[in-house]
Amino acid sequence: MSRADFKDVVPPLTESRVARQYAAIAARAPAVRPRGTKWLTFAVAAGLAVALAGATLRAVQVRGAGAIEGAVIESGSLGGGQSPTSLTLADGSRIELGAATRARLTSARSTSVRIDLERGSLEVEATHVDGRTFVVGAGAYEVRVVGTHFYVRRDAGQEVSVRVDRGVVEVAAVAGGGEIRRLAVGEKWSAPDGPTARVMPAEPAASTASVAAFAPSAPAPAALPTASPVINTTAPRRDESARDLFDEAQRARAEGRASDAARAFDRLRRGFPKDARAALSAFELGRLRLDVLGDPQGAEEALRDAMALGPSSPFREDAEARRVEALGRMGDAGACAAARSAYLVRWPNGTYRRAVEVGCGDR
Amino acid sequence: MTGSKRVFETRVSRGRGLAVPFHRAVPTAVRISDPIIRSGPGPSDAALVVAARAGERWAHEALFRRYAPMANGMAFRLMGRDADVDDLVQDAFVVAFGRLDALDDPQAFAAWLGSILVRTAGKVIRRRVLMEKLGLRRRGEPIDIDAVAARVAGPDVAAELRGIYKRIERLPADLRIAFLLRRVEGMELEEVARATGVSLATAKRRIAAAQQAVERWLDRERP
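From first to last, the protein sequence lines are chains Y and V.
Whatever position you read off the first sequence (first residue = 1), add 193 for the numbering used here.
Whatever position you read off the second sequence (first residue = 1), add 17 for the numbering used here.
Read the hints as simulated data drawn from the structure, not as lab findings.
Beta carbons are placed, not taken as given, at the ideal position from N, Cα and C, and that holds for glycine.
Certain hints may be false.
[Claimed, not checked] Which bits of chain V does chain Y cover? Going by a derived footprint, with three or more residues having C-beta under 8 Å, they are:
id, region
1, 71-85
2, 102-116
[As the list claims (entries may be wrong)] Computed footprint of chain V on chain Y; a stretch qualifies when at least three of its residues, placed anywhere within it, have a C-beta under 8 Å from a C-beta of chain V:
id, region
3, 204-211
4, 215-221
5, 470-479
The shape of chain Y in the complex, shown without the other chains (with noise of 0.2 Å):
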């Protein structure tokens, strides 16, 4: 008899039993309250304490993981002599705020860092840590620690930029789509900010310059790597909310109504970006175009919005590695390759890398 056998044993499990076992667990479960409702708590806080203190240089010791994650970092205006407000983690690693800055610390693990710039700029003095990814958002750009020392401005809606002082960083769209550009000590990247992006080349390398010399350079960006397809959708109805739409669309899937539920979470995506279940609607509507309804144009496109809308989201490299299937079987191999390179940079011993490798058909 083989020990699976065993697995076979499982208590009655009616509807019933389920149901009553879960309202004992939620009657006993510690009370849900968000993360950002800790962080408001946080922020009021620190905001008493920096009132209170009337330091100048506001540094902000940052050892722990989870749980400070989403925490928002604003600096002011810089006048009046104020040093500038400083972030360092628990591994030395030392980010700067300029002037009228505002960033989120979106991940803070010993696996990964990442700090999405809103507006302003930051300078960073990254400790060297092997096994750990150090990003920085900007837009639609990301910076990718390689080295140590470098500086990213962005100013919302106009340009991106990025210089090295020491050590050496990789730029790329958060899209994945166009190249990726790794910037040496005293190179200089820039591009229009926007909602997609492309990765375009870098500045000859010249000097450190100061922060004041730090002009916009680089061309305007191209069109995206493959084009939006036209998508058949409708727009929320107005009585129709983000959890409605999900609710439809699990149960949509569950009953085999792919179509049904494909639809469900098209309509989530577009009518509630900004909903915490928008990036996961669209990678599970790029799972379902990719894996049942046979649409890996459709699919890209989805995967591709996942991204954009969870560039940190823990999907992020199932996405990554689904739209370079799609791209595949669409025969895309520019783009194909290019999603590839990314995938491959971002998660270099990543769970699909082997399927990733061979997935454009070219290898």
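Start from chain Y and add chain V according to the hints.
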């Protein structure tokens, strides 16, 4: 592992946690559409964990419903009686939901839940033994494997299970858990070590000790 599909199969490639034997059927094909990571239909585990961390009640319920069959089955096989299952499953999920922030790899929820359930089972068994010693609980309550196994498993499985539970009932909790994970759950030694939070050497020692005890009883029972 048989070739049959199990909706709770998952591959634990990163992060800590227990690599439960569910992942043994991971396909070797290279197509991404092949279910390297399987979480059943609907959102991935990672997505549900993220939503649950963000305070979405629906995500808690979705995770529970996805893994209720796995947790109930594992709890039943670890405890050997249906009466203990509800409490154990509920305890494990309450702990898991309360500590979601500690889960490094959200896609590894199944394995992580499994390890919590194993450790909770150990505590329940130790508490039960203590209550028996204090006279607060009747010793040797019958194992109701027959009631379940007869319906869902073949008679040979039921007979073997009966024999196993009869012989391990009086083993210390640590030995019993390690033995069941190896013998009934079919885990590799490394998996048993991870699930119970001990070194590989300790896991081997516990399994060997339990095996010896079972064999001693078998010798005694032989005519």
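To see whether the hints hold, each was checked on the structure:
1. 71-85: holds (count 11)
2. 102-116: holds (count 8)
3. 204-211: holds (count 5)
4. 215-221: holds (count 5)
5. 470-479: Held - the region 470-479 of chain Y has 4 residues with a Cβ nearer than 8 Å to chain V, which meets the minimum of three.
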